[in-house]
Amino acid sequence: MADKKDKPFISYKLRGALVCYSIIIIPILLLGLFTYLPVFWAFQKSFYDFEIGGISHFVGLSHYIEYFTTDPTTYISLVNMAFFTLFAVVVRLSLPLIVAKLIISIQSERWRHFYRILFLAPIVVPGVATMLIWGGMIYSSQGLINEFLRLIGLGNYTHAWLANPGTALIAVAMVGFPFIGGFEVLIYYAGLSGIPESVNEAALLEGCVGIRKFFLIDIPMVLSQLKLILILTVIAGIQGFEGLIILTSGGPGYRTTVPGLMMYFNAFSFQRFGYACAVGVILFVLIFTLTIINFKFFKSAEELQATK
Amino acid sequence: MWPVQDEKYIPEGVEETCSSTCTPANVKYNIRFVPGGYYFPGIAPAGIGQPNKGFYEVAAAYENLHPDTKITFCDAMARREYLVTQLSSSKAPDILNVNVEDVWPDVQKNWYVPLDNYLNNPNPYIPQGKPGSVQWWDMFKFQAISRGKLAPNGKMYCISYDMIETAIYYNKNIFKKVGVKIPKNWDEYEEIMTKIRKAGYTPIQTVVTIYSDWGIDLFLDQLYYNILPGIDLVKDPVREKYLQGYLDWDEVCFLFKKGFFTRYDKRYRELWKLLKRFRKFSNKDIATEDMIRGFVRGDAAMIWSSNLISYRFKADKDIDFDWGVFYLPKFTTNTTKYASGVDMCVIGGSGAQFEISNSAFSDTGDPKTSERLKRVVDFMQFITVPDQYRKVVNERPLLVPNIKGVETLPLLKPFEKILHRRYTTTKWTYTFDLKFSDILERMLLLYLDDYISLDEWIEWQEKNLESAYRRFTRKKHPDFAAMEKEWQRLAPIRKNYIDMPELPDKN
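Protein sequences, first through last, are from chains A and B.
Each residue of the first sequence is one higher than the one before, starting from 1 at the first, in our numbering.
Each residue of the second sequence is one higher than the one before, starting from 309 at the first, in our numbering.
So that you can see chain A by itself, here it is in the shape it has in the complex (with noise of 0.2 Å):
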């Protein structure tokens, strides 16, 4: 009797699991409310026609039809998406971890920390700031690139980058050259930073020096990196329009509009809520496929480590 007395109700590891659970269930809740309600309301929303203030009506799956038979900016907003990205993930894949292979390559430990810093710094600028300044002073008609081309007698082929419609894509496609400040080359030295040093001790042994040991040994050692700037740049490559919006609007025409874009667009200047929110599904299913595809057939060292 005693014994079933001093038992607890709650078990001790109930109880610590409790604890565990009612500290995890405000972030839960606040993740569920914020985060995947709106997913389901916009998924929800995207078979409406829905504006603010107005009555919403079911149109079925509409929206849908419209943006892959009638809706004249789909085709060649799809495309330029396309292009932005592939561009996006070589530049990101291959020159910041040429650089990072640079400074790893540096023997004074001081010079190493001096480009490190001197690369990461240009990340504490603000996206907008950056596409300000390559609207306003580096594409203008007055700009870097135009005064340059006067200065040697190049004058004739100044143009307006942004707003020629020949020159707008690439223009902006080229928005951070040289593409080499920041966030992934951080990543790439922090990946070549962990390559055992019997590893390199064992590829100098066996004379696999310089360019051969970079893509026999240091980019097989870091594809997990890879791998995590891949999605990230293909994420970023499909969801982003902010800097466009600033630097072109997706214009001229719509030579540098992008989905993303175009759901902005119908969302707040066209009022069409509801078609907006099909093009966000629609983004996003694209978006959950890739990374699938990524994760399925992109593997790092240790998965292929762990498959042998």
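Among the clues, some could well be false.
Stated by the list, open to error - Restraint ranges, calculated between C-beta atoms of paired labels, are given here:
#1 B:Lys588 x A:Glu147: 28 to 36 Å
#2 A:Ile23 x B:Glu767: 57 to 65 Å
#3 B:Lys588 x A:Gly210: 39 to 47 Å
#4 B:Gln451 x A:Phe288: 55 to 63 Å
#5 B:Lys399 x A:Val125: 33 to 41 Å
#6 A:Arg150 x B:Gln451: 53 to 61 Å
Said to hold, decoys possible - Footprint (simulated), chain B over chain A, 3 or more residues, beta carbon under 8 Å:
#7 41-53
#8 59-68
#9 71-85
#10 160-166
#11 259-270
Derived from the structure by calculation, the hints contain no laboratory data.
The beta carbon of each residue, even a glycine, is placed where N, CA and C say it ideally should be.
We have chain A already, so just place chain B on it with the hints.
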């Protein structure tokens, strides 16, 4: 966005406007009013002359008549994003100044008050026997244009406070030097532009929005006017009296399905060709260039702009040449075989368009029982009384008066003459919604500047129309059966027309 109020001027004896937070205790109705940049009291439009005082005086006169009312002038953005947020929360000013076409997409949300009932009844400030004593409507000078602002749902949401019209301004010195005169028709016009260009001047300064708005409307009217009897399928019992043959969105939808405004419509193709031909006489950069500068500097012989610019030109001491205005001349059969041969129509129209928002009936939430709304309408009626109206609109020669009994200032007389012409066949860019207009404007620039071909441009517009057609028919369910019946009835008339569009046989 309205101009920044950096030169506020408050006449003696008039209190400065303030927000509702400093409303005196005896004030029952604080009417928040957006008069717009040209009339905003305390500022000098375009930085020329003394600051405005007209509306201060009118507001003071009204407040004297109604001590329980205060008029607060608001500096509000005309941006749609701003309006949507304000109106959806009933926080917008009581009287807005917005192009009524931008109001139409939102009328079913009860954000705006229909004014028909008030316009059809007397204006209480008008003595017997004067225009407005039977119905407020009678006070307005330009009936066709004012009544043409009827929303697609058949209700009127604005009063057209004043009028604006476009014209070609020309440099008389250049015309004299080159030896050309004001053209009588389009062929002559193209001839003189060619001569001007050969003499080393830019014939005309324009911007892309001129083509997408005014240009399309004028050219379309010139090419389709003659065939309107065979294709105008809906005759609105109210508007037809003023807007003969006007093509509304539902008619455009129906005609589109019959092949009009597609690659099979030869008039439609001609419209874009002619527009591009005209663009070739214009300044190189129609997207970003300040078009006024070229004319003022004497580099360009003409500029296509509205009457607002007259005021600026007259005050500009740097303009060392004489200038005049003329309206665009009509097409002839030499210009195009589809020319209707009629004079170019009016494409300007209402300038300041005042609407009453849902804030006006915030006291009861019901426009039928709201005392506040009655007072807001009463104030709107007061500002159209000629003696009050004159103080505002004729304070400076910016806009043409639209109230009978108020004279037009000499500088604006040529524009008043144009405004008496027939109204346009359609306002193409406002036919559907903002998405339709956006695609139209963006892609037209690429076509006019040779970045896409005519076929590509027409393909874009077909898709744009198809998309708009589906959106609108899904939402509004137009009566296409009635139109089809009328279409069949008009078939004998159409037999006399050349080049009617023929859709390819699907089999």
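Verification of the hints:
1. Remark: the range hint 28 to 36 Å for Lys588 of chain B to Glu147 of chain A is upheld by a beta-carbon distance near 30 Å.
2. Remark: the range hint 57 to 65 Å for Ile23 of chain A to Glu767 of chain B is upheld by a beta-carbon distance near 60 Å.
3. Checked against the hint of 39 to 47 Å, the C-beta distance between Lys588 of chain B and Gly210 of chain A comes to roughly 60 Å, which is inconsistent with it.
4. Checking the proposed 55 to 63 Å range against Gln451 of chain B and Phe288 of chain A shows it holds: the Cβ atoms sit about 59 Å from each other.
5. The beta-carbon spacing between Lys399 of chain B and Val125 of chain A, approximately 37 Å, falls within the hinted interval of 33 to 41 Å.
6. For Arg150 of chain A and Gln451 of chain B, the hinted distance range of 53 to 61 Å is satisfied, since their beta carbons lie about 57 Å from each other.
7. Counting residues of the region 41-53 of chain A whose CB lies closer than 8 Å to any CB of chain B gives 4, which reaches the minimum of 3, so the coverage claim holds.
8. Residues of the region 59-68 of chain A with a Cβ under 8 Å from some Cβ of chain B number 3, which satisfies the need for three, so the listed coverage holds.
9. Given a C-beta distance limit of less than 8 Å, the hint that chain B covers the region 71-85 of chain A holds, as 3 residues qualify and 3 suffice.
10. Here the region 160-166 of chain A counts 4 residues with a CB under 8 Å from a CB of chain B, which clears the bar of 3, and the coverage holds.
11. Coverage of the region 259-270 of chain A by chain B holds. Counting CB-CB distances below 8 Å, 5 residues qualify, and the rule asks for three or more.
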